[in-house]
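> Residue-level listing of the chains:
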Amino acid sequence: MRPVQGGGAMLRLEKRPSPSRFWQWATPVLAVLLTMIAGGIMFALLGKNPVEALRTIFWDPLFNAQFASYSRPQLLVKAGPLILIAIGLSLGFRAGIWNIGAEGQYIMGAILGAGVGLAFYPAEHWFIFPLMVVAGALGGWAWAMIPAILKTRFNTNEILVSLLLVYVAQNILASMAVGLLRNPEGGGFPGSRSLSKYAASSNPELIAGTGMHWGVVAAFVAVIGAYVLLQRHILGFHIKLAGQAPRAARFAGVNPQRLVVLCMGISGALAGLAGLFEVTGPAGQISIDFNVGYGFTAIIVAFLGRLNPIGILLAGLLMALTYIGGELAQFMLGLPAAAIQAFQGMLLFFLLAVDLLTNYRVRLAARKEAA
Amino acid sequence: MTATELLRVEGVTKAYPGVVANSDVSFAISEGEVHALLGENGAGKSTLVKMIYGLVKPDSGRMMFRGQPYHPSEPRAARAAGVAMVFQHFSLFDALSVAENVALGMENPPPMKELSGRIRAVSTEYGLPLDPGRMVGDLSAGERQRVEIIRCLLQDPKLLIMDEPTSVLTPQEVEILFKTLRQLSAEGTAILYISHKLEEIRALCDEATILRRGKVVATCTPRDVSAREMAELMVGATLTPPARAGTPKGEVALEVRGLSVASPIPFGTSLKDVSFSVARGEVLGIAGVAGNGQDELLLALSGELPAPEGAVRIAGRDAGAIGPNGRRAAGLVAAPEERLGHAAAPDMTLVENALLSGLVRKGLARHGFIDWGATETFAAGIVKEFDVRTPGTHVAARALSGGNLQKFVVGRELSQAPTVIVINQPTWGVDAAAAASIRQAILDRAAEGAAVVVISQDLDELLEIADNFAAMNEGRLTPVRPVQGLTMDQIGLMMGGAHGMEVAHHGH
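From first to last, the protein sequence lines stand for chains A and B.
Positions 96 to 466 (this note's numbering) are the ones given, in order, by the first sequence.
Positions 3 to 510 (this note's numbering) are the ones given, in order, by the second sequence.
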């Protein structure tokens, strides 16, 4: 086989001596723009006006007089759990520890937290909700410890184990909704008592009309905490080091096993917290279809935000916007749900594709004819 | 001699962004000639032979091979013309046999049985014992090199290029190699021999071309000039050997007793019952052919590889089960061989890399919170004191040249007021001036009372700076002997003599 030699110009990739700071921040913006263009073409092929579709997704939820009053608070409601989970995942991802099962940890946090709350029903004590928060974090943490310990003890792959445990968690959720946690006064319908209507366990909207609840507060705290950890704390330094150069990390005295337990634990606990705040607030009860995929979408949010806490905050808000706008577009323009999911998928696709600009420089090189 | 000219290089120039690797280089080789290409790291030797082997294209100039214009566009074309090359770093697969590895490098490999026969024939003809059925992962470095050489010889080359072939060999193995090369040369094969080991060149080569900063600065007949003259032509300055004060020895600072640990590296060498001790002010040199357990010894001393209790004692206190940071706190610093990825994180800045190992002894964090100001000062101090050429401390480690990064890594460890220093290959890939300053810095620390262990494959380096000498051989350490009075022959025997010769004889 003889390679075809072109006489014209061709693209060549050249590794940069240092990663480009400009492109590190410019690639997410470029990815969003490319997603809009490709998404617009897709919407056009589906027979919809692309400009109208993009406006419905990105503009109307926030500024359209008719919908904004409902959808604006939804922004924080949806972004809260995404950010909270993504912050936890990003720490592990930075260290090269791949927890893909946040969805399962989210479910288990919700179940354990709700179980603790319902055990006190109908008592009214101030400590019930804080206790549920602790139980929620503990539930997610414990579920994440399964892949963590299997990895450190038996060197199993944490990606597979954490992912498969999502399906186990879903089945436990279904069994709880129709069994142990079912509302005894619910007339036989699946689903627990309403936690949001039981004052001692409810996670209400803190400022009316904003969507702000305790879960959103926790997400903001997590963003600040992760930022300080990564910039100022030796543990954050070791997390970054382990991800970039595992052998150098050992040289620096990092214990890789301990790091696995720690990162899986933190991400599991934050996912569990997100589940707890959701089940006591926006969702309101344990039901068969309680989980809606926040745990998986948070993976996209983590990468879209460059595994950087501030980036994740912005990416979480953007992702929430496409959720709300997507629903609106389904409802107003009759766009199929699959098209909205494809649109969200494009975002990750383009981000990963343009990501190489950070480490590589694209050069136009005139290729000389080989002698 | 009026031998026929084989290769002529005329006015060849090759520039990379920021560096001119070769500038107007000309030289010629006759058939059967052993020609040395001599120069420091970065003098342009590698670029030049890469052009001859078709890996790099010259910007200008021309080459003639056997009277024909010669411009190979890829190594395959060079091989077809009769040029073969043995690289410094072998491209062999550990999990395949010798014959399978040889077959992988051939365009149309014959059936395995026939190939094994041919490998046996060539290996006996040239005195290079090698069993075609053995796994490459089980071979010593010298035997691996034989695989590469035999792979080349099967192509019946007219010109054989050898890039630093003896850096992985014991003195006895060097003798075997030289015998083979002389035999090839007598049969009319020309050899282009790249090295910076001057005595070897004097023993082997007919002609030498000396490069400095990409230019030919001199040609000479190595037998007629002294090694010192050649070294000064190579460096372009008068060399002063490192000065050392004969320090009185203090109490034992590092003691290793019966250390046996399994290697964490696939096809690595486990340490077997290693014992030695180093006193304050003493420099112990540990020699050995690559892959005889030196990397594992460094890991076991730095604490990255847990050792049994009592096997490693720092200043009399047991440090066997203590990790890297605990050992640093006890006064031991270590510099691994691999700079990028082990001693330093490639994508992190010099400041972050200063924190990497300086955290404990320099107190760069309080309650776990990093003092970036102090870290920055520490990094800047290393850059200044050890003359690290860098635009600043906020550049990524991978942006530095090998020599500059090595100065930074060694400087980082030496700047921590250590009582025990362990360094693997302190001057590997570093130019002569930088190497001299690194060696001087090591000796200065020893003079201040640190116990030093230098692991190196460069015998000249060890003889220059060490007080005592030992060699690693298949994971075992020989008894420690004073450097004074050691002969090259004794050193060779300590390193395992002609490695693998017996194995090949009792092969099956």
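Just so you know, these hints were derived from the structure itself, not from any lab.
Treat the hints with care, since some could be wrong.
What the simulated footprint calls covered on chain B by chain A, stretch by stretch (three residues with Cβ under 8 angstroms from a Cβ of chain A suffice, anywhere in the stretch; the number is not a length) [what the hints assert, rightly or not]:
(1) 217 to 223
(2) 338 to 347
(3) 380 to 394
Once the Cα atoms are required to be at most 30 angstroms apart in a straight line, the calculated DSSO-like pairs of lysine-lysine come out as [to be verified]:
(4) B/Lys-199 with A/Lys-110
(5) B/Lys-160 with A/Lys-110
(6) A/Lys-110 with A/Lys-335
(7) B/Lys-59 with B/Lys-199
Take a look, some chain B residues computed to stay more than 12 angstroms from chain A by CB distance [stated by the list, open to error]:
(8) Ser-25
(9) Glu-102
(10) Gly-107
(11) Gly-190
(12) Arg-230
(13) Glu-306
(14) Ala-438
(15) Ala-443
(16) Glu-476
(17) Thr-480
(18) Gly-487
The C-beta atom is built at its ideal place from N, Cα and C for all residues, glycine as well.
> Confirm or reject each hint.
Hints versus structure:
1. Residues of the stretch 217 to 223 of chain B lying with their CB closer than 8 angstroms to a CB of chain A number 0, which falls below the three-residue condition for coverage.
2. Residues of the stretch 338 to 347 of chain B lying with their CB closer than 8 angstroms to a CB of chain A number 7, which satisfies the three-residue condition for coverage.
3. Residues of the stretch 380 to 394 of chain B lying with their CB closer than 8 angstroms to a CB of chain A number 0, which falls below the three-residue condition for coverage.
4. Between the alpha carbons of B/Lys-199 and A/Lys-110 the distance comes to roughly 34 angstroms, so the proposed pair goes past 30 angstroms and is violated.
5. Taking the CA atoms of B/Lys-160 and A/Lys-110, the gap is near 37 angstroms; set against the 30 angstroms cutoff, the hint is violated.
6. About 21 angstroms separates the Cα atoms of A/Lys-110 and A/Lys-335, which keeps this hinted pair within 30 angstroms; it holds.
7. Only pairs whose Cα atoms come within 30 angstroms are accepted, and B/Lys-59 paired with B/Lys-199 is accepted, the gap being roughly 28 angstroms.
8. Every C-beta of chain A lies more than 12 angstroms from that of B/Ser-25, the closest at about 21 angstroms, which supports listing it as non-interface.
9. Residue placement check: B/Glu-102 keeps its beta carbon more than 12 angstroms from all beta carbons of chain A (closest about 23 angstroms).
10. No beta-carbon of chain A is positioned within 12 angstroms of the beta-carbon of B/Gly-107; the least distance is around 18 angstroms.
11. Here B/Gly-190 stays apart from chain A, with its beta-carbon at least about 28 angstroms from theirs, past the 12 angstroms limit.
12. With a minimum CB-CB distance of about 38 angstroms to chain A, B/Arg-230 clears the 12 angstroms threshold, and the non-interface call stands.
13. B/Glu-306, annotated as away from the interface, has a beta carbon of chain A within 12 angstroms; the closest lies near 5 angstroms.
14. Separation of B/Ala-438 from chain A is adequate, the least Cβ-Cβ distance of about 26 angstroms exceeding the 12 angstroms criterion.
15. The claim that B/Ala-443 is not at the interface with chain A holds, since no C-beta of that chain comes within 12 angstroms of its own (minimum 20 angstroms).
16. No beta-carbon of chain A comes within 12 angstroms of the beta-carbon of B/Glu-476; the shortest separation is about 24 angstroms.
17. Look at B/Thr-480: its CB is around 27 angstroms from the nearest CB on chain A, clear of 12 angstroms, so calling it non-interface holds up.
18. Chain A leaves B/Gly-487 outside its interface by the beta-carbon criterion, the shortest separation being 37 angstroms against a cut-off of 12 angstroms.
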